[in-house]
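Novice: Here is what each chain is made of, one letter per residue.
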Amino acid sequence: MIRVQGLTKVYGSRTALDAVSFEVPKGEIFGFVGPNGAGKTTTLRILAALLEPTGGRAFVDGADVIQHPDLVHDRLGYMPDFFGVYDQLTATEYLDFYAACYRIPRARRKKIAADLLELVGLADRRDQSVDTLSRGLKQRLCLARALVHDPAVLLLDEPASGLDPRARVEMREILKELQRMGKTIVISSHILPELTELCTMVGIIDQGRMRATGPVQDVIRQLTSGRRLRIMVLGQRDEAVATLKTLPSIRTVDMINGAIEAEYEGDDATAASILQALTAASIRVSGFSQLDGGLEDAFLKATSEDVG
Amino acid sequence: MNRVAMALWNPIVAKEYRSRMRTWRSPVAMTVYILLLGGLGWAIFSSMSSSARSGFNGGQAANYGQALFLFLVIFQMVLLAFITPALTAGAISSERERQTIDLLFVTKLPSFSILWGKLLASMSFVLLLLLLSVPIFSLVFLFGGIELDQVVAAFIVTAVGALTLGVIGIACSTAFRRTLAATVAAYGAAFILLAGSLLYGLLFPTPIDPNATNAPAPPAVSYVSPLLPLITIGTSQPVTWYGIGSGFSSGGGGGMMCSGTPGGAQQCVPTNANGVVVGKGIASPIYRNPPQATGTTIPSGLFAGWQYWQATVTLQLLISLAALVFSAVLIPPTRHLPWARRTRAAGGAR
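The listed protein sequences derive, respectively, from chains A and B. Residues 0 to 307 in numbering that gives the first Met the number 0 are what the first sequence lists, from first letter to last. Residues 0 to 349 in numbering that gives the first Met the number 0 are what the second sequence lists, from first letter to last.
Simulated from the structure, these hints should not be mistaken for lab results. Quick caveat: nothing in here was measured; it's all calculated off a predicted structure. Among the clues, some could well be false.
Said to hold, decoys possible - Calculated cross-link-like contacts (lysine-lysine; reagent style DSSO-like; alpha-carbon spacing at most 27 Å):
#, chain 1, residue 1, chain 2, residue 2
1, A, K110, A, K175
2, B, K107, A, K109
3, A, K175, A, K109
4, B, K107, A, K25
5, A, K109, A, K137
6, A, K110, A, K137
7, A, K175, A, K137
8, A, K244, B, K107
9, A, K137, B, K107
10, A, K175, A, K25
Same shape as in the complex, but just chain B (with noise of 0.2 Å):
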């Protein structure tokens, strides 16, 4: 227990925390960020007032609600994929660097410790930065419309992303011998599970199957990004205006949220049930059942009825477990592989 225990809790993060918090760096960081996204908060609330002045009714009110809370978390998200590369990719580098690794490497700090300390130092400041976005958030709820749960799940798929981007910056860190080069990779990593996940739905979407029973879903890599289910989560609907059918060329006219796509096959809003054909051609296919893409639950594919954030979460916890066991393989000095030091042990037998 107590080896655990000092694995989990070692002096790298203690001397992080110190080192991190005595610069005025992080001050500055903290203050950045919580004005910007306070300050894309009050932007949208005041637009938001100054059009709601002549009448205000609950429905909208709810309405509004839910706008300010998805460009919340999205903006978040976004600001966290900028500012936790930066604070990993150069954890192990910059020892590296400094040439102070070699002494680490040398007291009895396993040097996995040394991975999971800086890991641990730079996702409590992330999560010091989630916490003081918190009473941003609160400012949804004088809006209605978003119910705590969904909060919460934002800010589990929110840390969970900013984990696994942690994670692949500490990878980049130890994989790279400059800090330079691993910032860079850090932020391709972060860019590609951002954006280059929606990328692959947009190019490579779901083909729509007429004798299917369930509704499509975008394609399971698609769901890496963290903004997918962000948006399923604020909005509260399913995902039909991305990574089904002929998808981005002609589901341009599809609107943002929840219009029919091409194909009519997803009748996320009841009004649009049935055969609106949108699609070149393409006639409404018919269904025996039809499918019914309605609440956030994935209709279809590898996560079949699960919550697009649930999925999520998963995808990025077994990334950021590989990137670990990546890192964790890559730093000692002196590789102590099992097969190795059996052929040595041989050939060292007199």
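Only chain A is shown next, with the shape it has when bound in the complex (with noise of 0.2 Å):
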């Protein structure tokens, strides 16, 4: 559905992308991670035909974003990590201008945008003025813009920036409501936990070169070589951390707040081995568990590089 090939976007002598290649399969849910500044926003101004590369290519649904900006304009729903909202206009007008301006008949905008306004949940408020909506609610309605000509493909710049706990939960439902629908969506963020619980891919993007990308998990995996445990230990912790130490698939072993944690190579089943090799040192284990490693960890990784 998206496909980005080598773009590279040069401002002046800074490079803003360098080379970033991805691509988002329909119906995904794509999650786009990076510090701020790292070309999150240039990638997606590129792919909204916003902003011209500096080399290389993307495609939206088959149409070339530079040569054919019109049908990508068709096909895209584009919502910046701003609100956009005029004044002196009650919510059904605003979509209503922006059904006008893809050339929707008169005709079909009355219930494009009732049944948009039910969608993202503000059918109460679509007599309200726009600019009296609270944050959350008119990052809804952008939403809502972003979806008035039925795009295939959505882009969502921050959506989450600025909202709170609570909105951030329901935009996160309308979200999983529109993959349901069949829509790729594609959500740049800088803040992780929410993109790990709803995206089906990932890219992790860092001073403009793309560090990883691909389904969730083959990322967290690629980026995070070994898995963590973390074991408690009765006494003998010294004794612990010398049998660990002997294994050969434990990479590293630190003490953090009394507890032991292990770096090792290996499976669920090195784990039990490495579990029964502490107890056949006479080793009183309390307490083994393994930790997750989550995009947080994959995300740090990727992008601590070059800053460690």
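Got two chains here, separate frames each, mind docking them using the hints?
Specialist: Following this line, the structure appears as structure tokens:
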């Protein structure tokens, strides 16, 4: 649905994007993660045909963003990281205006506006002036605006920034609903937790370079080379550490908050044999758990390479 | 056809109408406009009627009517020169500042429609102001001395003048990222258009050619200003007091309307005919056919034979067109110039 090939954008002497490539198949929610200034917005603006790349190509539903911006605009809903609302218009008029900009006939606009306000939970605010809506509601209205022409692809730039937790949860529910409707969604964010639950795919970008991309679990595996164990023992801490260090699968051993944290190479069977080795050394293990390496760890790993 | 209609009447216009008329600013602007114009009209009217109390014959009434009309049209033009840039200078830049312009660019609306919609919406407001002023102008007909075609011509000049200022405002708004800069530039352009072009006529007047068969006319640049044709329309007299000969310095003694200027070449008033020497030692040139700068046509130069207002309207429409093309080239977020696309296609071919 979305194909990006070697996208490069240079502003003067600064390279904002350096040969970024990724693909998002139909129906996926692609989390586009990276610290501020990594190039997320630049990529999305190029995909929305609002910015011309210095090099590389990008396609939305088969349409080249440089050659056929009109086709791209037809198939794509874009929600930037700001609200972009006009004063003096009601929510219904706001949606009607954008529907008219998409050349939707007047007869259909009314229903579209009503349906979308229903979808984003603003049906009871349809006659409220747009500029008096709260931040969360404005954000939802902007999402509705991006949907007026029923696009197959949605680009959402930082949809959760500045929202309170409740509004974030609501936004997430709406996005899930949209996924059920078969839309391909790209969400950029520098806040990870919400993406971990929502996305089926993820791309990690830092300083204009794509660090990793693919299904969420793949990326996590790709970036976090080892798995971590948290081991609690009764006394005998030094013996336990010594025993662990003799095992070939163990890579590092740290003491964190009185517990042993060990990074190891291998799978669940390896973990079981580590436990066996400990008990065989007659160490009394009171706790033994695998630490879930999440997207956050993967992200921090991916983006700290240049810093550290 | 449908596409043309869509381009001309687009959602921007409707949206602009809504948001413009829902603020308190528009009624206030209209009220202030009418109060200023009506106030001036009333002041002139009352001063005239008090001075005319002693006696009031038809000829005097016509003069009063002309003077009233002249004051009103010029004041109206100056008012619009203050209002129009304010209406349009923020058109594009404020969308940029509010970052709503991207949202328009991702729709199917061509970027030219955005310009056009903004222009149409603000010009409609100017037209509304012009319509509101009609009752005040009808005051002139109480005195007479002004024909309907003069009023129509004056309104055309004023409307086209406002249109030009409007398009220039849009162009500034497209060229500058910030509304403040765009507004300053638009007012600067308005000043140049109204006064700067007249200043040109003062600094570089048309020299008097003793062998010319036609009466001299002010330089063509000065026709850009709508004030010149408005004065011509209002007075129904040729321009002899401006932009000709040694111009400003010695022309100061020439009086305002249609008295002889240095060189005495212009006989706008019949009694002034044949060599009234006012200048400093310049002998009155002798013509085989004394140039008759009578009527309100331009006697010589680029627009010889035209009415002043026709020349002004033509020049202003050309300026508007240029400004519109300039804005249309500048506005799109990604420029799809034919040559740029060709090189990219060539580079992109594998």
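Novice: So, for every hint listed, does it hold in this structure?
Specialist: For each hint, the structure was consulted:
1. A:K110 <-> A:K175: holds (22 Å)
2. B:K107 <-> A:K109: holds (19 Å)
3. A:K175 <-> A:K109: OK: K175 (chain A) and K109 (chain A) at ~25 Å, within 27 Å.
4. B:K107 <-> A:K25: Holds. K107 (chain B) to K25 (chain A) sits at ~23 Å (cutoff 27 Å).
5. A:K109 <-> A:K137: It holds: about 20 Å lies between the C-alpha atoms, which stays within 27 Å.
6. A:K110 <-> A:K137: holds (20 Å)
7. A:K175 <-> A:K137: holds (19 Å)
8. A:K244 <-> B:K107: violated (64 Å)
9. A:K137 <-> B:K107: It holds: about 23 Å lies between the C-alpha atoms, which stays within 27 Å.
10. A:K175 <-> A:K25: holds (14 Å)
In summary, the one numbered hint that this structure violates is 8.
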